[in-house]
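Working from the sequences, and respecting the hints, build out all of it.
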Amino acid sequence: MNISRRGALKVAAFGAATAAGARKAEAREKKMAPPDATGMLYDATLCIGCKACVAACRDANDLELEESSTLYDDPVDLSANTCNIIKFYDGGGDGEGEVSFVKQQCMHCIDPACAAACMMGSFQKRQNGIVTWKPDRCIGCRYCQVACPFGIPKFEWNSPIPAMVKCQMCLAKAGTTKEGQLNEVGQPACTEVCPRKAVIYGPYEELKAEALRRIAENPDRYEDHVYGLEEAGGTQVLYLTAKGVPFAKLGLPELGPEPVPALPVGLQHTIYKGFVAPVAVYGIVAGLVWRTRRQHDAAGEEVGA
Amino acid sequence: MNNGHGVPRPVGGPIMTPVMKLCLALAGITALLLIYRFLVGLGPVTNMTDGHPWGLWIAFDVVTGTALACGGYAIALLIFVFNKGKYHPLVRSAILTSALGYTLGAIGVIIDLGRPWWTWKLPIFFWTWNLDSVQLEVALCIMLYTAVLWIEMAPVFMERWEQEDDKPKLQEFSRKWTPILMKAMPWLIALGIVLPTMHQSSLGSMILLAGPKLHPLWLTPWLPFFFLISCIAMGYGMVVLETMWSRTVYSRYRETSILTALSPAMVVVLLAWVGVRLFNVVATGKTAYLFNLDRFSILFWLEVLLFLVPAIILMLKPTRTDRDRGRLFMASGMMVTGGMLHRFTAYWFAYNPGEHWNLYFPSLFEIFVTVGLIAAEVAAFMYIIKKFPILTGRPSAALPT
Numbered sequence: 001m002n003i004s005r006r007g008a009l010k011v012a013a014f015g016a017a018t019a020a021g022a023r024k025a026e027a028r029e030k031k032m033a034p035p036d037a038t039g040m041l042y043d044a045t046l047c048i049g050c051k052a053c054v055a056a057c058r059d060a061n062d063l064e065l066e067e068s069s070t071l072y073d074d075p076v077d078l079s080a081n082t083c084n085i086i087k088f089y090d091g092g093g094d095g096e097g098e099v100s101f102v103k104q105q106c107m108h109c110i111d112p113a114c115a116a117a118c119m120m121g122s123f124q125k126r127q128n129g130i131v132t133w134k135p136d137r138c139i140g141c142r143y144c145q146v147a148c149p150f151g152i153p154k155f156e157w158n159s160p161i162p163a164m165v166k167c168q169m170c171l172a173k174a175g176t177t178k179e180g181q182l183n184e185v186g187q188p189a190c191t192e193v194c195p196r197k198a199v200i201y202g203p204y205e206e207l208k209a210e211a212l213r214r215i216a217e218n219p220d221r222y223e224d225h226v227y228g229l230e231e232a233g234g235t236q237v238l239y240l241t242a243k244g245v246p247f248a249k250l251g252l253p254e255l256g257p258e259p260v261p262a263l264p265v266g267l268q269h270t271i272y273k274g275f276v277a278p279v280a281v282y283g284i285v286a287g288l289v290w291r292t293r294r295q296h297d298a299a300g301e302e303v304g305a
Numbered sequence: 001m002n003n004g005h006g007v008p009r010p011v012g013g014p015i016m017t018p019v020m021k022l023c024l025a026l027a028g029i030t031a032l033l034l035i036y037r038f039l040v041g042l043g044p045v046t047n048m049t050d051g052h053p054w055g056l057w058i059a060f061d062v063v064t065g066t067a068l069a070c071g072g073y074a075i076a077l078l079i080f081v082f083n084k085g086k087y088h089p090l091v092r093s094a095i096l097t098s099a100l101g102y103t104l105g106a107i108g109v110i111i112d113l114g115r116p117w118w119t120w121k122l123p124i125f126f127w128t129w130n131l132d133s134v135q136l137e138v139a140l141c142i143m144l145y146t147a148v149l150w151i152e153m154a155p156v157f158m159e160r161w162e163q164e165d166d167k168p169k170l171q172e173f174s175r176k177w178t179p180i181l182m183k184a185m186p187w188l189i190a191l192g193i194v195l196p197t198m199h200q201s202s203l204g205s206m207i208l209l210a211g212p213k214l215h216p217l218w219l220t221p222w223l224p225f226f227f228l229i230s231c232i233a234m235g236y237g238m239v240v241l242e243t244m245w246s247r248t249v250y251s252r253y254r255e256t257s258i259l260t261a262l263s264p265a266m267v268v269v270l271l272a273w274v275g276v277r278l279f280n281v282v283a284t285g286k287t288a289y290l291f292n293l294d295r296f297s298i299l300f301w302l303e304v305l306l307f308l309v310p311a312i313i314l315m316l317k318p319t320r321t322d323r324d325r326g327r328l329f330m331a332s333g334m335m336v337t338g339g340m341l342h343r344f345t346a347y348w349f350a351y352n353p354g355e356h357w358n359l360y361f362p363s364l365f366e367i368f369v370t371v372g373l374i375a376a377e378v379a380a381f382m383y384i385i386k387k388f389p390i391l392t393g394r395p396s397a398a399l400p401t
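Quick note, the sequences are listed as chains A and B, same order. Residue numbering for the first sequence follows our numbering, beginning at 1 and increasing consecutively. Residue numbering for the second sequence follows our numbering, beginning at 1 and increasing consecutively.
None of these hints come from the bench; they were simulated from the model. Just so you know, even glycine gets a beta-carbon here, dropped at the ideal spot from N, CA and C. Among the hints, erroneous ones may be present.
[Said to hold, decoys possible] Calculated cross-link-like contacts (lysine-lysine; reagent style BS3-like; alpha-carbon spacing at most 30 angstroms): (1) Lys387/B with Lys30/A; (2) Lys30/A with Lys249/A; (3) Lys183/B with Lys387/B; (4) Lys387/B with Lys134/A; (5) Lys243/A with Lys208/A; (6) Lys31/A with Lys387/B; (7) Lys273/A with Lys30/A; (8) Lys51/A with Lys273/A; (9) Lys249/A with Lys286/B; (10) Lys183/B with Lys167/B; (11) Lys31/A with Lys286/B; (12) Lys197/A with Lys51/A; (13) Lys169/B with Lys183/B; (14) Lys121/B with Lys273/A.
[Stated by the list, open to error] Chain A is faced by these chain B residues, among others (derived, beta-carbon under 7 angstroms): (15) Ile35; (16) Leu42; (17) Ile110; (18) Trp118; (19) Thr119; (20) Pro123; (21) Asp132; (22) Ser133; (23) Ile193; (24) Ser205; (25) Ala210; (26) Gly211; (27) Thr284; (28) Thr287; (29) Ala380.
Here you go:
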């Protein structure tokens with residue numbers, strides 16, 4: 001058995017061929033919100049933390065009370081029973097703007113990582129660009145949870161027939177009117193009940209303009225940034241925060257403009273472009289194995305796997 | 001090579017040894033535990049959370065276990081490249097270990113899935129396939145490869161069934177199908193090389209979707225390359241360890257010259273891993289992470305050492321004594337450990353869902369189930385090598401390596 005230098009090179013070449021994709025992973029086409037996209041705009045300077053939206057969400061989606069909260073509804077985090085939550089941030093200082101509320105729910109990404117993860121498309125952007133989950137093709141692998149940079153999809157850990165649970169902007173619940181709006185009053189439960197209009201629902205483009213307009217009119221009131229315009233390729237839920245309270249403090253992760261799926265999906269589509277590489281490698285390997293086997297047959301030797 | 005110890009023969013001997021009884025007991029208890037798991041869901045029995053949705057069963061049983069089962073792949077690949085496809089006596093046990101390991105991985109997935117009852121749709125409902133999902137490719141490849149491995153094993157079983165005169169149907173079936181299978185074998189062998197190349201590298205791409213939750217040292221487009229190389233190193237290492245194990249336990253002195261002969265190839269493979277790993281970190285401006293002295297930098301250097309040191313050991317000049325075998329054993333042990341560490345880190349230690357989530361550590365239940373699955377695999381291996389012609393080598397006095 002003579003190991004040639006060339007043989008060693010062949011192994012190296014084999015690995016290198018597979019890795020070639022790593023170097024020239026194609027830039028994935030940037031996704032835009034669909035034309036009929038709707039979304040939500042949450043303005044932390046208007047929210048008074050009454051949690052009417054938390055209760056309304058629970059009613060609208062038939063979510064049980066948190067086990068820990070038998071006296072009244074007081075969830076501490078998003079969970080399989082809580083798709084929408086108001087949290088309180090206390091910066092500890094005496095100055096103005098050091099405290100804030102923040103609402104958390106699904107961000108309805110323009111390029112959602114959960115949908116990129118989902119093998120049979122249980123998670124998908126559906127009507128109005130709203131990301132929804134359908135049970136009939138979900139096998140409960142929880143890759144969506146690994147993928148979501150906001151930690152949104154929740155799994156029913158204590159059920160033998162678990163579902164994935166998250167905000168679907170009341171779409172799955174409500175049915176839509178011909179105007180492409182959601183329920184009888186035309187919006188999700190949380191925006192419907194908000195007494196201060198701290199969270200509003202509407203066409204995505206209008207919400208974007210509204211957010212920018214508020215900052216332009218009151219530059220002293222707001223941080224000069226609309227969270228969700230750029231983050232992770234853009235989200236259909238947008239946030240405004242008070243001056244001096246950065247979004248990171250409110251639990252909104254600092255994310256670049258690159259959508260999370262860009263790297264792995266771009267890589268995958270480069271390596272497997274048109275499925276050419278696997279077929280070609282298969283053809284070459286099969287041909288070579290077949291040829292050596294014929295040679296050995298002629299020589300009266302056995303060939304094994 | 002047909003001088004007596006190139007021909008595989010059943011090991012024979014009693015089946016119900018104490019080790020076998022222990023393995024069956026562990027596997028049996030695991031089966032009972034699993035009934036409970038499917039009645040109550042995953043929450044009460046595991047330490048997984050919404051923050052850490054993947055635990056030991058994915059990180060070990062699937063991501064690491066299938067790589068440990070890459071002996072069949074590594075040997076097929078290395079023999080194919082270096083030995084021009086010539087039959088080698090190590091192949092059968094390597095393929096058997098692979099078939100069992102992948103089956104274990106598949107069972108591990110089913111246990112871990114929240115809604116396993118829809119899994120059958122996956123290979124059938126092709127119109128629902130999300131081609132953006134790296135996991136889809138991994139899942140389909142692993143399903144197909146597990147089937148391929150058992151079909152590759154089939155001639156071994158049929159070789160024995162052909163001789164069972166008291167079971168005429170089995171005998172007839174074997175006689176009919178063996179020639180057909182042997183004809184199809186080159187096409188299957190090629191699948192057995194292409195499929196693991198695909199899904200073992202894609203296991204690396206798959207965790208990249210964790211994006212910002214993955215530590216920057218592991219969030220690199222080269223991760224599929226590192227995963228592919230690590231599964232070859234782990235597969236090779238496992239074949240060495242398995243060969244030495246059957247040498248010790250079953251006194252099977254087997255032709256191991258190919259393993260020594262393949263070591264230069266492994267040196268290339270290991271050094272490529274180390275070189276690209278370091279170069280990639282420096283080239284992408286992540287050098288600072290290497291000297292943070294936090295657990296991530298330590299894990300990184302540990303990985304690099306566990307790939308570099310075996311390469312150095314394998315480069316040492318052969319002494320042509322027993323010491324060579326000791327070196328090969330040590331190098332293999334390190335490669336296997338290094339590959340395991342790399343995969344555990346990417347899927348577990350380097351995954352950080354945010355500070356408000358506790359670190360994940362598996363529950364006793366999770367650990368016991370994994371141990372039980374391994375016990376079942378060992379039991380199946382012991383049974384099959386005793387009954388079927390898998391191992392080569394003569395159970396006799398010492399032969400030269």
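Exercise for review: Starting from the hint list further up, note which numbers the structure goes against and sort them upward.
Suggested key: Hint check: 1, 4, 6, 8, 15, 17, 20, 27, 28, 29 fail, others pass.
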